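Go ahead and model the full structure; you've got the sequences and the hints to work with.
If you read the protein sequences in the order shown, they are chains A and B.
The first sequence begins at 1 in this note's numbering and counts up one residue at a time.
The second sequence begins at 422 in this note's numbering and counts up one residue at a time.
It is worth saying that the hints were derived from the structure and are not from the lab.
Every value quoted in this text rests on a predicted model; they were computed, and no experiment measured them.
Among the hints, erroneous ones may be present.
Sample of chain A residues with no beta-carbon within 12 Å of chain B, all distances over it, derived [as the list claims (entries may be wrong)]: (1) Asp51; (2) Asp64; (3) Ile78; (4) Trp101; (5) Ala260; (6) Val263; (7) Ala276; (8) Thr291; (9) Leu325; (10) Glu357; (11) Glu413.
Distance ranges between label pairs, derived from CB positions [to be verified]: (12) B/Ile602 with A/Gln419: 48 to 58 Å; (13) B/Met753 with A/Glu357: 43 to 53 Å; (14) A/Asp151 with B/Pro754: 52 to 62 Å.
C-beta: ideal position from N, C-alpha, C; glycine also.
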Amino acid sequence: MKNPIVLVMGRLLALLIVAAMLISACGETATPPTASPESGTDILPSPPAADQPAANLTEGCVQDYDPAVDYFPEKVSIDYAAGWTIDYFNNYKVVTVVNPWRDAETTFEYVLVQCGTPAPEGFVDAQVIEVPINTIATMSTTHLPHLTALDLTDALVAIDNFAFVNTPEIIDLIEAGKLAEIGSGAAVNVERVIDLEPDVVMTYGVGNPQNDAHPILLEAGLKVVLNSEYMEPSPLGRAEWLKFTATLFNVEAAAQTVFADMVAQYDELVALAQRAEQRPTVFANTPFQGTWFMPGGRSYPARLLADAGATYLWADDDTMGSQQLSFEVVFDRAVNADFWVNTGTWTSRADALAEDERFAEFAAFQSGRMYNNNARVNEHGGNDYWESGVTNPHLVLADLIAIFHPDLLPEHELYFYQQLP
Amino acid sequence: METTRGTSITAATGATEQAWPRLGLRVVVLAGLLAGLITVFLLSLMLGSVRIPLAEVLRILLGGQPERATWATIVLNFRLPRALTATLAGAALAVSGLQMQTLFRNPLADPFVLGISSGASLGVALVVLSVGIAASAPLLAVAGLLSNISLVLAACLGSAAVLLLVLLLARHVQSSVSLLILGIMIGYLTGAIVSLLLYFSIVERIQAYLMWTFGSFGGVTWSQMHVLAPTILIGLGLAFTLSKSLNALLLGEAYAHSMGLPVRVARFWIIVSASMLAGAVTAFCGPIAFLGIAVPHFCRNLFATSDHRVLMPAVMVMGAICAISADLIAQMPGRDTVLPLNAVMALIGAPVVLWIILRRARLYR
Chain A
1 MKNPIVLVMG RLLALLIVAA MLISACGETA TPPTASPESG TDILPSPPAA
51 DQPAANLTEG CVQDYDPAVD YFPEKVSIDY AAGWTIDYFN NYKVVTVVNP
101 WRDAETTFEY VLVQCGTPAP EGFVDAQVIE VPINTIATMS TTHLPHLTAL
151 DLTDALVAID NFAFVNTPEI IDLIEAGKLA EIGSGAAVNV ERVIDLEPDV
201 VMTYGVGNPQ NDAHPILLEA GLKVVLNSEY MEPSPLGRAE WLKFTATLFN
251 VEAAAQTVFA DMVAQYDELV ALAQRAEQRP TVFANTPFQG TWFMPGGRSY
301 PARLLADAGA TYLWADDDTM GSQQLSFEVV FDRAVNADFW VNTGTWTSRA
351 DALAEDERFA EFAAFQSGRM YNNNARVNEH GGNDYWESGV TNPHLVLADL
401 IAIFHPDLLP EHELYFYQQL P
Chain B
422 METTRGTSIT AATGATEQAW PRLGLRVVVL AGLLAGLITV FLLSLMLGSV
472 RIPLAEVLRI LLGGQPERAT WATIVLNFRL PRALTATLAG AALAVSGLQM
522 QTLFRNPLAD PFVLGISSGA SLGVALVVLS VGIAASAPLL AVAGLLSNIS
572 LVLAACLGSA AVLLLVLLLA RHVQSSVSLL ILGIMIGYLT GAIVSLLLYF
622 SIVERIQAYL MWTFGSFGGV TWSQMHVLAP TILIGLGLAF TLSKSLNALL
672 LGEAYAHSMG LPVRVARFWI IVSASMLAGA VTAFCGPIAF LGIAVPHFCR
722 NLFATSDHRV LMPAVMVMGA ICAISADLIA QMPGRDTVLP LNAVMALIGA
772 PVVLWIILRR ARLYR
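Set out below in structure tokens:
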């Protein structure tokens, strides 16, 4: 039950925020940021100054600012992600989140200024953040593997919720009492965050001010960056948001190496899966009360299934999210499918049967070829598939190839997946 | 109006010897409704997301072998239990709503005024959302015990618990108005616990809970039908035997009492039957809104009577028709997508309730 007053206030707030966003959007087009002409392009490199650094500063500030110096010799490239862009200038970089949530009509711009150098003029609506940052608070478990991969866990001061964490290094920090718990979404404990004074709070948005944390945090005067990796339809695109985190810490070089290594492994696995002679048919998810949430043909799971050498039965569909199908439609198409994956919270086929005895009619049920991505779920229900799996799609892909083509990866032991007994 | 005269005569002659209102056209209307019910029932077997030719559907229903084996499963294991569930649920909610509106003499009462759906919601929330909470809130250690129980069982237990509470209190509470307020308070209480559970839960679980609140007739399988159908049929039978008591209660509790109706006993059984009906439906289909309010009003207007001996069968058939029709629309025949049932139901129900309120306002001006 919702208190009507709260509801009305929430709506008012929503209206105000939408209005604010519209105004800010107008502002963006009216005053384009002025970029200094000599900077940022690889086509016309400026002559290296005498004290041109060989690497990005990952600690401390610039002592003697020289406008001719490129303070970010190490840059990231964005090859797979579609949801953000970056432009490098001599002493600052402009990161834009272009697709913060579904059907978003607003973008978020962050001006990351090298500490010890002046902030550029003309970015009226962007948040200006001094980099490298020293402390960060994160509001989703998906952000945590970035920090471990880039060896930045020392900078973490707070996370949204202790219970759902799987990353061992973070669990150690929690147990050592080094992290604060600040709550998730709009229920974020603002006072606690203000008290902690993190240089940046990394969160995500769904476009609804009643759920999102960033409006309240921004209002509190904190630096907030939105990580919208969940909007990326491709597994490598999602994983590439690692570089987004890296730009805040000036550790572009490390991110480039880590990601390139992952891409190499992922591509190698894709090539391996292409060698399979058969592409078994597969369907995914489970229905709830007669409605089946089937991943769209252009969704993240669909892409993984295709890359793993399977024939996803809804691959012809062109939605990015999931479709609400009736049970009978799925039954009609998938009754003879070879595999059934991502089966919700089930840990055994008996769980499936207890929910609805009609599941027993699927061929995949009868043959026992049902695999769920919940092998690594902690005691509170936090699933590592949605944590380290997002940053390590090659591990997820290896699992799927081993499931569909055991002969291609005979030595592989399932990591995120388990066969339902 | 003829109807009011009918009941006032009834009142004068005593609760046990109620005169029937002149039935006249009403029998024809009722027969028409029955024909309508059979039509929409058959339609719901024929129309669905998967296109199955009419001849094939008939062949399957008559026990023949269809062109594709999966079609038989779709018609017999998906559409038939779904249509039956909609029929039973529609009838149950409409009857339950009628009983509550009369008992509380409140045109906006619905099957859930006594907190039945709140109890079921709490049961479901405890099961669906309990993962991850057991450790952080020792208060809800119960949740750990519950997590192995299915949704249906949880909803049953939840609504039964609330029902028992209401019945217990009903014995000590004099007026129905107090009972009404009690029900609303129970609703707030369970709602508070549900929001706490939601607050501490993970996204997937919250989504599962929300899905349950959307309502659906598609989740009932044949094995569940063995529980749902008998419960509803017993509840409906009980409701029928209470028609005369309800007629007496129309005149107010004091008047009914003076006529020799044992008000408390009657009230007890009305609550039992209405709660059985609403509780069973909520457990299996989720909290289905609006039907319980809208259908009794619709039938009172259509049959121009408030005699429960006429209204009882009328709302049953009308409720079933509305439920099946709403489900048909939600299924969007020919399309793969389905819509949430409660949204469709409210889209139909809200204008009906509005229309009734406006009509009444005009009548009493």
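These are the hints, each one checked on the structure:
1. Against chain B, the non-interface label of aspartate 51 of chain A holds: every CB pair exceeds 12 Å, the least being about 49 Å.
2. Chain B leaves aspartate 64 of chain A outside its interface by the beta-carbon criterion, the shortest separation being 49 Å against a cut-off of 12 Å.
3. Separation of isoleucine 78 of chain A from chain B is adequate, the least Cβ-Cβ distance of about 27 Å exceeding the 12 Å criterion.
4. Distance to chain B confirms tryptophan 101 of chain A as a non-interface residue, since its nearest Cβ pair spans about 14 Å, more than 12 Å.
5. Every beta carbon of chain B lies more than 12 Å from that of alanine 260 of chain A, the smallest distance being close to 32 Å; the non-interface claim holds.
6. Taking the minimum C-beta to C-beta distance to chain B, about 28 Å, the non-interface status of valine 263 of chain A holds against the 12 Å cut.
7. With a cut of 12 Å on Cβ distances, alanine 276 of chain A stays outside the contact zone with chain B, its closest approach being about 28 Å.
8. With a cut of 12 Å on Cβ distances, threonine 291 of chain A falls inside the contact zone with chain B, its closest approach being about 5 Å.
9. With a cut of 12 Å on Cβ distances, leucine 325 of chain A falls inside the contact zone with chain B, its closest approach being about 5 Å.
10. With a cut of 12 Å on Cβ distances, glutamate 357 of chain A falls inside the contact zone with chain B, its closest approach being about 5 Å.
11. The Cβ of glutamate 413 of chain A sits about 25 Å from the closest Cβ of chain B, beyond the 12 Å cut-off, so the non-interface label holds.
12. A hinted range of 48 to 58 Å holds for the C-beta pair isoleucine 602 of chain B and glutamine 419 of chain A, which are about 54 Å apart.
13. A hinted range of 43 to 53 Å for the beta carbons of methionine 753 of chain B and glutamate 357 of chain A is inconsistent with their spacing of about 26 Å.
14. About 57 Å separates the C-beta atoms of aspartate 151 of chain A and proline 754 of chain B, a value consistent with the hinted range of 52 to 62 Å.
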